[in-house]
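S.K.: Residue strings, one per chain:
2 protein chains.
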Amino acid sequence: MILTVTLNTALDITYRVRSLRPHASHRVSEVWERPGGKGLNVARVLAALGHPVTATGFAGGATGVVVRDLLTGISGVRDALVPVSSPTRRTVAVVDGLSGDTTQLNEPGPLITPTEWAGFQETYEKLVAGADAVALCGSLPPGVPVGAYALLIRTARAAGVPVLLDTSGEALRRGVAARPDIVKPNAAELAELTGSHEPLKATQDARRRGAQSVVASLGPQGLVAITPEGRWRATPPRRVHGNPTGAGDSAVAGLLSGLVERLPWPARLARAAVLSAATVLTPVAGEFDRAVYEELLEQVSVTEESSAA
Amino acid sequence: MILTVTLNTALDITYRVRSLRPHASHRVSEVWERPGGKGLNVARVLAALGHPVTATGFAGGATGVVVRDLLTGISGVRDALVPVSSPTRRTVAVVDGLSGDTTQLNEPGPLITPTEWAGFQETYEKLVAGADAVALCGSLPPGVPVGAYALLIRTARAAGVPVLLDTSGEALRRGVAARPDIVKPNAAELAELTGSHEPLKATQDARRRGAQSVVASLGPQGLVAITPEGRWRATPPRRVHGNPTGAGDSAVAGLLSGLVERLPWPARLARAAVLSAATVLTPVAGEFDRAVYEELLEQVSVTEESSAA
Chain C
1 MILTVTLNTA LDITYRVRSL RPHASHRVSE VWERPGGKGL NVARVLAALG HPVTATGFAG
61 GATGVVVRDL LTGISGVRDA LVPVSSPTRR TVAVVDGLSG DTTQLNEPGP LITPTEWAGF
121 QETYEKLVAG ADAVALCGSL PPGVPVGAYA LLIRTARAAG VPVLLDTSGE ALRRGVAARP
181 DIVKPNAAEL AELTGSHEPL KATQDARRRG AQSVVASLGP QGLVAITPEG RWRATPPRRV
241 HGNPTGAGDS AVAGLLSGLV ERLPWPARLA RAAVLSAATV LTPVAGEFDR AVYEELLEQV
301 SVTEESSAA
Chain H
1 MILTVTLNTA LDITYRVRSL RPHASHRVSE VWERPGGKGL NVARVLAALG HPVTATGFAG
61 GATGVVVRDL LTGISGVRDA LVPVSSPTRR TVAVVDGLSG DTTQLNEPGP LITPTEWAGF
121 QETYEKLVAG ADAVALCGSL PPGVPVGAYA LLIRTARAAG VPVLLDTSGE ALRRGVAARP
181 DIVKPNAAEL AELTGSHEPL KATQDARRRG AQSVVASLGP QGLVAITPEG RWRATPPRRV
241 HGNPTGAGDS AVAGLLSGLV ERLPWPARLA RAAVLSAATV LTPVAGEFDR AVYEELLEQV
301 SVTEESSAA
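Residue numbers (our numbering), protein chains in the order written: chain C, 1 to 309; chain H, 1 to 309.
Hints in this document: simulated from the structure, not taken from any laboratory.
Glycine included, every Cβ here is placed at the ideal spot set by N, Cα and C.
Don't take each hint at face value.
Stated by the list, open to error - Some chain H residues well away from chain C (every beta-carbon gap over 10 Å; in silico):
(1) Ala24
(2) Asp101
(3) Glu122
(4) Leu140
(5) Pro283
(6) Ser306
Unchecked claim - Covered stretches of chain C (chain H as the covering partner; in silico rule of three or more C-beta atoms under 8 Å from a C-beta of chain H):
(7) 14 to 20
(8) 25 to 38
(9) 59 to 67
(10) 104 to 112
To be verified - Label pairs and their computed distance ranges (CB to CB):
(11) C:Ala188 <-> H:Arg18: 19 to 29 Å
(12) H:Arg16 <-> C:Leu98: 41 to 51 Å
(13) H:Ser196 <-> C:Val31: 32 to 42 Å
Produce the entire structure from the sequences given, and follow the hints as far as they go.
M.R.: Right under this line is the structure:
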């Protein structure tokens, strides 16, 4: 079982309107709802790849109930979310029917009490004991200490379970120092962490800060990885156009599924890069185009990078 | 007890953002939720005026649960909403922190099944038997027949309970023909019903279509009423600036509270016009500025209109 942690889960709502005009009134023609937050996207992709997943994190209020209801509809994902008193946040994506563009409104996360945070750590410790790998994903809701991921990484390491971290800002900085097995920053997160905009140099720097392996997701340029076994670059065979939301989450699912299947690094990176690309072709995070995934997997190139780079 | 009917209840959500820019991502700094739909606004104002109110209509899904939870927090309003399987709609008002302007997104209403509509009519008939007056307010959700208000008006009339109708379009046209005691259109609804943009003429025409009394709410120009006892114009003593949302609902509350208190028409109209103005001064529908209400009530002018007008 792979354990995904989403401390700041969300109810992702998508509205379609004819054309969004500020200060006007709009009739919403279509409404979609799905469970959101990066770790829940990772869980959906892992389940689609055939890996049993347990999803933990927080869920509260009426929106938390909806998130849990929607999760039960996803086969292969076990719901181990921890109830909290403050309501799970909503995100609203307003899709303009004319231009296809999206306007995003993100509520603040729920306030987690110290008791709730302590309760979560207990649940997490029990779940980690039965996990083959752990993914720690996304932002921290208010009330959770900024060093939270460092704590959760130490728990996983103490249990001998490999742990991947995908977050940003100070939570990433503190997390990296706790020596996770893998961190997967994107270009912006990497630059924020290291101060460098040169991906290979920044990846190297991120590794020096404590991560055993760093896999940087560089959008259409694919992935760059520096690991104890070598350094590689995985590039999709062709550029795909679409919605990049969730592409990074699919890369995380690719890396973790490859890890628990004991694939060599190049094969893990190939899968992660191709899953990312196949996610760009679908309108929502947490889903991917399986036909494109299988097609591109035959064609993706993974090249070794010289360590002098 | 006054009975308010809100067939298309809503969870009204307000977001504050710094500045709404289409196709950008926004962090919502503040979130408010309140029970919405015109009849629920009327119920809140009636309760604030000291009148016991029973609120019926439909509530479904997770949003329906939140609407009911929020209603229980309003003292003086008894929740008699009828559960349905489809979820209560949300409305999202995005307030721009820089300009103060609001962008509105309205979800479609829930689909009401024929069985649910039949069940509602039974509940309504029982509630009407114990009511001193009935307010039928707002739009019809999908699945409810367009002649719904005509049916509900006939039930109230058969029970000898005075009934006020506040809706628009075809639902208003059909409802007026069922001879409600009062209809309260605004200028746009009146023009749509009668084809006339001259308020007094249109009010007269609306009355000819079946309503016993017509009270037209004309925004800052106050109210025009044609009733079996005479015709009046009620004008607030000074123009107020603010958010007109809910002003019409407060006028309905003013008219109905005056009716059950057996106030003469001029006093009812004075109260309705002043409650409307005092509502414009508050940011949300269903609330009013009590100090301004009491102050303006001393100063409002109600003048008789000649029937030759």
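S.K.: Are there hints from earlier that the structure breaks, and if so, what are their numbers?
M.R.: 1, 2 and 12
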